[in-house]
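Protein chains: 2
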Amino acid sequence: MDRNKKVLITGANGFTGRHACQFFADCGYDVTGMVRSLPSKRSDVKLIYGDLGCQQRIEEVIKEIKPELILHLAGLNNVGESWVVPDECISTNVMGTVHLLEAVRNSCPEAKMIVVGSMLQEQPEEIPANPYSLSKTIQFQVSKAWEHLYEMNILFVKPTNLIGPGPANGICSILAQKIVQMESGKQSGTISLDSLDASRDFLDVRDAVKAFAILAELGQKGHVYELGTGVKRPLREVIEELRQLSVIEFEVNEQKPQKRTMTHVSGYSTLQDLNNLGWEPSISLQTSLRDILEYHRRRKGENMDE
Amino acid sequence: MDRNKKVLITGANGFTGRHACQFFADCGYDVTGMVRSLPSKRSDVKLIYGDLGCQQRIEEVIKEIKPELILHLAGLNNVGESWVVPDECISTNVMGTVHLLEAVRNSCPEAKMIVVGSMLQEQPEEIPANPYSLSKTIQFQVSKAWEHLYEMNILFVKPTNLIGPGPANGICSILAQKIVQMESGKQSGTISLDSLDASRDFLDVRDAVKAFAILAELGQKGHVYELGTGVKRPLREVIEELRQLSVIEFEVNEQKPQKRTMTHVSGYSTLQDLNNLGWEPSISLQTSLRDILEYHRRRKGENMDE
Chain A
1 MDRNKKVLIT GANGFTGRHA CQFFADCGYD VTGMVRSLPS KRSDVKLIYG
51 DLGCQQRIEE VIKEIKPELI LHLAGLNNVG ESWVVPDECI STNVMGTVHL
101 LEAVRNSCPE AKMIVVGSML QEQPEEIPAN PYSLSKTIQF QVSKAWEHLY
151 EMNILFVKPT NLIGPGPANG ICSILAQKIV QMESGKQSGT ISLDSLDASR
201 DFLDVRDAVK AFAILAELGQ KGHVYELGTG VKRPLREVIE ELRQLSVIEF
251 EVNEQKPQKR TMTHVSGYST LQDLNNLGWE PSISLQTSLR DILEYHRRRK
301 GENMDE
Chain B
1 MDRNKKVLIT GANGFTGRHA CQFFADCGYD VTGMVRSLPS KRSDVKLIYG
51 DLGCQQRIEE VIKEIKPELI LHLAGLNNVG ESWVVPDECI STNVMGTVHL
101 LEAVRNSCPE AKMIVVGSML QEQPEEIPAN PYSLSKTIQF QVSKAWEHLY
151 EMNILFVKPT NLIGPGPANG ICSILAQKIV QMESGKQSGT ISLDSLDASR
201 DFLDVRDAVK AFAILAELGQ KGHVYELGTG VKRPLREVIE ELRQLSVIEF
251 EVNEQKPQKR TMTHVSGYST LQDLNNLGWE PSISLQTSLR DILEYHRRRK
301 GENMDE
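Chains as they are written, first to last, in full-length UniProt numbering: chain A, 1 to 306; chain B, 1 to 306.
So here's chain A without its partners, still in its complex pose (with noise of 0.2 Å):
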């Protein structure tokens, strides 16, 4: 590994950006991270201003950095706000894709780049079940179409559920902070899920980004690394599991599966290319949850102290 190789991560504000900010730095690499507004707080990496939308200042900011990597995660994920604001998403998520392209292709052709889409994403000639959803299918599209059409150094990741400590809005989550706040009032509570049974593949995102710390000198250009534990576990043992870590009790409400809400998985075809890079996931269910739980209480404790 090259420990000064510069890497610009995008998105380092959000959920994995900051899991993977953190972990490439104390690898030793070189790491900017784009952030669409500088906080005052952060330490751990350079911070440099950079909104996906404005395609001078995306010009610019691979300018000044001359990034050897790029790591882009930036994007909006939520679902549910795709639904009402699809246009803001396709813009975020695809033209924001395309600048960036553009942008490391006008200035910095040989650098490599690992775009992250989602396993959520259809094939493209499937119809997509949210705008969410097509607008990762199409971010795909366009990444592969540079990559192929203008001969670029671009690699692809489909990560199933990340979870972990940190500001995610995944399912899990939501639960821990619900939890949390129950935990605070000190009383029990009740819990409305739409299915016990809907399960998915939760990977924690330090595994995570491990793996993308692999594929930044290991992955190969045009290919795309499904990324997951490969194991699909249904929400009621994610609730178990809480219960038993939590200090009160509550109850849940089950409700019935809303066709809206219902997220299409692909099923894993790829997902042993990064086993055989030497990667695999390390952080249990349980682990993982117990850190969210953490997470949301120090919160807790720092909003309560404000």
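Treat the hints with care, since some could be wrong.
No copy is singled out in the list; a pair is fine if it fits within one copy or between any two copies.
Claimed, not checked - With a cut-off of at most 25 Å between alpha-carbon atoms, the simulated SDA-like pairs for lysine to any residue come out as follows: (1) Lys66 x Val85; (2) Lys66 x Glu88; (3) Lys178 x Gly301; (4) Lys144 x Glu126; (5) Lys144 x Leu76; (6) Lys256 x Leu76; (7) Lys66 x Val84; (8) Lys6 x Met152; (9) Lys221 x Pro124; (10) Lys144 x Pro124.
Honestly, the hints are just simulated from the structure, not real lab data.
Once you've looked at the hints, dock chain B against the given chain A.
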């Protein structure tokens, strides 16, 4: 046919748009043409200013017109330029369409919308031949997604190479311009071509706009209508027709086809559907080419008068 039906035609200053405006107006529709810049010389239809890149303006136009039918023809269609500024091509053809879809969804969700793609576009799972083709493929994907996810009344047309009098940028128009230039100098010359054997399905634009009008009344939501003659003709045939229609002699210099200028055309699969609705092409290749030559001769004459 409801003769007072309000029709908005985007790209009204374009090659196909001009013919569409005239034909729909002649049919008795209440036509408004949307254009990026307002010309001073037209009196055939009402024109309204609207740049697809400006979401706010598109919203205003749709609110003001409240069209019952939208014929969406606007977009960038220059394959060569799309290699140089692929971001503009994606932005105009994809985000422009998204802006239009959102404006229709917000202000006249019952309207029928005809999205006009191209036979040059690939199936979404294929690697695109060029950025233009990618942009048209994605334009269809987003429109299909809106049709499906928001249950909008959208249908699709994939026309083959449209030819005819007017400001086209296709091969027939380019050849005619060269010949008219030679004619005006009253001297012979040489025309360079990639390959005389490259064959395409040429359809007169005046036949195409008749198909649009049939689809305006009879087209089915969600359906993709292929639009062509069904017969591919080699450029050799176009050259021979032009030779007979021209008053000068010219040589043809055949070059090897280049990878980047080759166009991938998927085979037809739904061509019959428009015939089943009563449409068939009526203008011969000879007539189209004669009218194209006449158009460029007139334009040459007008330019020389200035």
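Results of checking the hints against the structure:
1. Lys66 x Val85: between (33 Å within a copy, 21 Å between copies)
2. Lys66 x Glu88: The answer is between: 23 Å across copies meets 25 Å, while 28 Å in one copy does not.
3. Lys178 x Gly301: So Lys178 and Gly301 pass the 25 Å test inside one copy only (14 Å; across, 77 Å).
4. Lys144 x Glu126: So Lys144 and Glu126 pass the 25 Å test inside a copy (17 Å) and across (10 Å) alike.
5. Lys144 x Leu76: both (20 Å within a copy, 21 Å between copies)
6. Lys256 x Leu76: neither (27 Å within a copy, 46 Å between copies)
7. Lys66 x Val84: Between. Shortest inter-copy distance 22 Å satisfies the 25 Å Cα cut-off; intra-copy 37 Å does not.
8. Lys6 x Met152: Within one copy, since 18 Å is at most 25 Å while 47 Å is not.
9. Lys221 x Pro124: Classified as both: same-chain Cα gap 20 Å, cross-chain 21 Å, threshold 25 Å.
10. Lys144 x Pro124: Result: close both inside a copy and across copies, 12 Å intra and 12 Å inter.
Of the numbered hints stated above, the single one contradicted by the structure is hint 6.
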